[in-house]
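**Q** One letter stands for each residue in the lines below.
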Amino acid sequence: MKAPSFSYVRPESIAQAIDLINQYGDEARWLAGGQSLLAALNMRLAAPSVLIDLNSLPELGGISVHGDKLIIGAMTRHAEIECSPLVAQHAPLLSLAMPHVAHAAIRNRGTIGGSIAFADPAAEVPACCVALDAVFVVAGRGGERRVRARDFFLGLYDTALQAGEMLLAAEFSGVRPGERVAFRELARRHGDYAIAGLAARATVNGNALRDVDLAFFAVDTKPVLATHAVAILQQGTVTPERVQLAQQALAQDLAPQDDVHYSSAMRMQLARVLLARAVSDLLQAAGVQESR
Amino acid sequence: MPQESRGATVSAAGRRDGIGASLPRTNALRLLSGRGQYVDDINPPRCLHAVVLRSPYAHARIARLDVAAAAAALGVVRVLTGRDVAALCDPYVGVLQHVPGMQSAPQWPLAVERACWQGEPVALVAAATRAEAEDALALIEIEWDELPAVTDAESALDPATPVIHPELGSNLCFERVVEAGDVAAAFAQAAHVVEAEFVTGRHTAVTLESRSLLADFNSADGQLTVWHSTQVPYMMQWIIARHFRLPETQVRVIAPDVGGSFGMKIHIYGDEMAAVAASLVLGRPVKFVADRLESFVGDFHARGHRVRARMALSKDGEILGVEADDLYGIGAYSGYPRGSANEGLQVSNLVCAAYRRGAYRAVTRAVFQNKAMYGQYRAVGHPVACLVSEGLMDLAAAKLDVDPAEFRRRNYISPESYPLKLAGGPVLEKLSQHEALEQLLQMMDYRGLRAEQLQLHKQGIHRGIGLASFVENSNPSAATYGQGGVSIASQDSCTLKLTATGGIVAASSITECGQGGYAVIQQVVAAVCGVPFAQVKVVLGDTETTPVGGGVWGSRGTGICGEAALQAGKALKANILAFVARLQESEASLYDIRDGRVIDASTAVLVMTLEDVARTAYFRTDQVPKDFQPELTVTRSYAQKTWNGAYTNGIQASYLEIDIDTGFVKMLKHWVVDDCGTIINPLLVDEQIRGACVQGMGAALFEQCLYSDEGQLLNGSLMDYLVPMAGEMPDIAVGHTCTPTATSELGAKGAGEAGTAGASAAVLNAVNDALRPLGASVAEIPATPERILRALGRIA
Amino acid sequence: MNPPQPVTEVDIALTVNGENVTRHVPVRQNLVDFLRDTLGLTGTHVGCEHGVCGACTVRFDGAIVRACLMLAVQADGTDIVTIEGAATADGNGEIVADLQREFHQRNALQCGFCTPAMLLTAAELIAVRPQASRDEIRTHLSGNYCRCTGYQSIVDAVEAVCRKRAGAQP
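Protein chains in written order, with the working numbering: chain E, 24 to 315; chain C, 11 to 806; chain R, 17 to 186.
Any given hint might turn out to be false.
Claimed, not checked - Going by beta-carbon spacing under 8 angstroms, a handful of chain R positions derived as facing chain C:
no.	residue
1	Thr31
2	Gly34
3	Leu55
4	Cys64
5	Gln126
6	Gly128
7	Arg154
8	Ser158
9	Cys164
10	Gln168
Worth flagging that the hints you see were computed from the coordinates, not collected in a lab.
Glycine included, each C-beta is placed from N, C-alpha and C at the ideal position.
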């Protein structure tokens with residue numbers, strides 16, 4: 024399984040990178056963490072003519088806080104996010120999710136930008152971004168624009184990134200008063216792609232949940248906000264009966280497909296279970312649970 | 011002055027003399043430092059790299075094949091087609107002559123007219139680098155006429171199903187019936203009958219080092235050297251010589267370090283044979299290393315059985331009879347040279363073999379399919395027989411409302427019955443079932459766990475305890491292959507030589523693939539000869555430098571080659587003492603060897619060091635009496651000829667918890683008590699058992715090859731075929747009972763496969779133990795979360 | 017300044033196991049093939065080439081990575097440690113040596129194919145979490161496939177090194 028021939032270029036600035044992607048268009052691929060791209064190349068599932076290496080652009084790295092926003096550069100490694108005190112403080116949902124992203128060696132290279140741009144339906148990071156209503160900073164020939172995460176993921180490996188664009192950073196608006204987060208995924212083995220997963224946040228007041236965001240992943244071609252289930256959870260207080268109603272309402276939010284590994288019925292069942300357990304997590308004092 | 015020898019290595023836990031000592035392996039040190047030498051680490055000058063084009067279809071005729079563009083590609087030296095290789099290599103047929111009616115069609119290394127499984131090699135490209143060879147593959151022009159594929163074993167024999175090889179008349183490879191007593195009467199009289207249909211997934215070995223072969227034909231002198239990641243260099247030597255029509259003495263096969271095998275690397279593979287052909291044609295080294303994706307479709311698969319089984323019981327819970335109908339789908343050809351029959355042979359022999367099973371009837375059928383080739387994989391058939399046996403036992407125990415451990419105890423073979431001849435050929439020499447059970451129940455605190463299980467059940471936590479008694483063959487005789495006309499040795503040999511400074515080199519016919527073959531020979535020789543462990547060097551795996559033998563498979567290495575090493579050690583010691591006695595003009599019985607020194611047996615006073623012995627024999631022949639020639643190189647051989655195999659026994663237990671909302675199973679702990687007779691190195695045996703158990707756990711919960719109706723392997727990558735990883739595996743406690751076999755002086759039986767034989771059954775029984783209060787059960791492995799949820803009725 | 021142009025071959029200069037290395041490499045060559053085939057450091061193994069089995073793990077600028085998922089060209093200007101130099105490398109060298117001894121004593125390797133990667137992976141855990149629990153050890157090693165041992169002896173060995181090193185701290 025050796026990669027096919029391609030050429031390689033290492034831009035020295037973002038402007039150069041954008042020039043290159045516009046020059047080579049569909050023939051080029053970004054090399055970020057490479058943890059998905061190189062596997063695809065080794066299996067000859069991808070055959071780009073040019074790889075544009077983003078690993079020498081320090082301006083794409085870094086975790087910082089500006090005002091009320093946490094800004095994570097697109098080339099920030101998962102491992103750095105995993106042990107960042109800034110992330111733990113301002114976007115703890117990401118901190119909870121990181122240990123579930125593959126394994127340590129992968130996290131040492133994989134990047135948040137790569138995960139967002141690749142948009143694997145079973146990936147943790149896109150779901151967290153959707154749950155947190157993150158905003159992505161995108162750059163192209165025409166300059167910068169911002170896209171809400173909730174508008175960014177369109178389908179299977181399909182995003183709102185246009186030809187000639189690259190991801191610069193992800194912005195998170197910080198933790199609200201009384202806000203708790205929960206993250207759960209179900210996978211056969213630690214580090215595997217999730218069969219079903221849920222990135223959740225809510226404002227918790229005793230037994231009442233408000234401003235709830237439930238972003239399910241691995242049950243559709245992209246992360247899905249379970250708005251019908253949320254509407255039920257946000258009424259009154261959380262009781263076993265309310266949770267059951269919310270679980271039933273998931274049928275209106277999620278439509279997983281049968282595939283070779285799991286039936287849609289299975290994924291729905293797991294989604295229902297995740298909902299109940301994440302709600303329980305949110306109501307717990309610490310709000311942090313193991314995901315199995 | 012003779013040099014003092016260094017002291018023997020003393021292990022913390024074991025005996026000083028080598029047998030029974032848990033000594034760390036000498037030959038593991040280089041592996042820890044990254045200085046191992048696996049086939050792909052060997053890079054002779056001008057070595058070419060081979061890749062093969064594989065059929066994308068399960069069944070298709072090659073309509074057109076044009077390799078001209080590929081042959082002209084950058085870096086490519088040669089492209090071989092099926093016809094090119096067929097001109098060099100005689101076809102092979104994988105049948106055992108002693109399995110009546112067994113049939114298979116002739117097979118060539120590369121498909122000639124049609125491909126019969128998705129992944130079958132069709133053409134080989136040899137190029138300067140692997141990358142260039144892969145580039146050239148894309149330039150091969152090939153057109154296919156797709157043919158209907160046979161992919162369902164149940165309907166493979168239906169009249170409407172196409173026959174893959176019309177000349178065979180049907181898709182039946184073989185069928186066998188094993189019978190004893192009157193099974194119909196047993197079921198007619200039964201007060202209770204329990205039955206189930208058991209299904210096992212198709213599995214693949216997933217060795218971390220994929221199949222690798224480096225062939226180097228020197229056209230100047232006609233010598234062919236093959237470095238092969240194999241368990242059986244002599245078998246390979248014979249087959250390569252036979253099929254490529256080369257004098258056997260001109261073929262040398264070397265097994266260097268092998269990165270795992272588990273039975274998968276004892277078969278003949280077309281891509282490997284084609285690489286040999288390429289080297290023969292080109293007169294230069296050609297290396298073939300299967301990559302991971304092609305390993306999934308190229309390696310021999312195993313398991314994949316459907317067994318309908320039932321048990322008849324008297325009202326007192328005595329087993330009156332057992333009946334089993336086994337069906338399994340193999341590939342389009344029976345594997346060569348061992349055939350694809352052994353799984354079925356074992357299953358049909360061994361259902362409920364651990365028990366007084368009354369009347370018995372077992373039928374096994376192997377049918378051809380357009381799927382990957384099929385053959386031996388760790389414990390061959392035993393895991394399936396055990397799954398069925400132990401599943402039936404638990405069903406019976408539940409029906410009779412008897413504790414499962416107690417039910418087993420009551421029905422084990424009575425110790426007075428040994429040796430016990432079973433229908434179908436196995437003879438159980440002597441087992442230690444009752445003892446093993448008692449030890450297991452104590453190790454695991456069975457009563458305590460049952461109490462805990464009950465307590466937790468009240469809290470809505472669902473735990474299961476599963477038991478599995480098993481028998482496992484080892485030390486096979488010629489009955490397995492030789493009698494079937496297959497040129498695989500059932501004997502092994504060990505040649506010892508005393509070196510000039512008093513060390514011992516032991517050249518032996520087994521191989522090392524991580525299981526400890528080296529250590530076993532080393533420790534036996536050290537123990538018997540009376541030399542420090544570190545003073546014995548072992549040479550394995552090279553047909554040129556070791557005596558002929560069978561290699562490792564069927565848990566035979568320790569029992570058979572260990573005995574050869576023991577006898578050789580005794581002979582060398584006797585020769586040394588006879589020599590010393592002659593020099594001393596005394597009697598050999600007055601001397602002994604300890605710590606590499608010949609001593610007075612009664613006073614322990616030094617007489618001569620072994621270095622002195624060697625120096626005298628080799629350099630100072632003037633000091634040796636004229637009528638005496640010391641023989642300090644000896645060879646002894648051994649074959650197990652008493653029974654078809656030396657059966658071992660054991661019992662395993664699994665403790666696990668099921669999340670009944672998600673169907674996920676968490677294995678909490680596992681226990682094994684195994685009886686493999688004399689143990690040479692307890693550390694190595696216990697670790698073999700653990701590794702083998704985890705393979706069985708993989709089978710129970712995770713592993714299955716998923717095929718589409720069209721014969722496409724759907725999950726052929728490491729992301730999709732779920733092998734056990736550290737996060738999900740439990741700790742495994744291991745204990746032993748010890749019943750040495752009387753068939754050898756060493757008394758050692760095999761232990762390498764025992765863990766796999768019983769683990770899936772123990773885990774499945776534990777799953778069902780947890781599900782039973784909920785009225786659910788699963789009889790198919792892997793017992794995936796989805797299957798468990800369906801059994802519970804949680805999903806449709 | 018001229019923008020860089022795509023190339024199919026490059027010169028790279030890096031440090032491998034403390035030695036300076038310069039080579040001319042095809043850009044499509046991955047790092048594990050570079051180490052094995054170009055530099056002859058065959059202690060790092062290839063098991064899957066899709067980043068799942070972990071057999072190709074090496075240390076890259078101080079952090080473990082899958083060498084099958086990196087290109088040789090990405091190693092330009094970096095510091096790489098493979099198993100051949102791991103026991104004497106700065107930083108984790110002692111940990112690797114301790115692990116080698118424990119693995120040997122406990123037979124935490126059989127065929128040895130996963131072993132170099134296991135050692136490097138375990139060493140990184142011990143370096144950042146010297147008090148790692150058995151569960152944490154299992155989780156951290158869950159990206160390294162072993163078919164022979166069933167993992168327990170490996171976990172035991174890693175745990176033993178943690179304990180010994182904790183005992184050795186003042």
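**Q** Taking the hints in turn, state whether each one holds.
**A** The hints, checked one at a time:
1. Thr31: violated (18 angstroms)
2. Gly34: violated (15 angstroms)
3. Leu55: Cβ of leucine 55 of chain R sits 12 angstroms from chain C, so the hint is violated.
4. Cys64: Hint on cysteine 64 of chain R: holds, closest Cβ of chain C at ~4 angstroms, below 8 angstroms.
5. Gln126: holds (3 angstroms)
6. Gly128: holds (3 angstroms)
7. Arg154: For arginine 154 of chain R, the interface hint holds, since the closest Cβ of chain C sits about 5 angstroms away, which is under 8 angstroms.
8. Ser158: At about 4 angstroms, which falls below the 8 angstroms cut-off, the nearest Cβ of chain C leaves the hint on serine 158 of chain R intact, so it holds.
9. Cys164: holds (5 angstroms)
10. Gln168: holds (5 angstroms)
Hints 1, 2, 3 from the earlier list are contradicted by this structure; the remaining hints agree with it.
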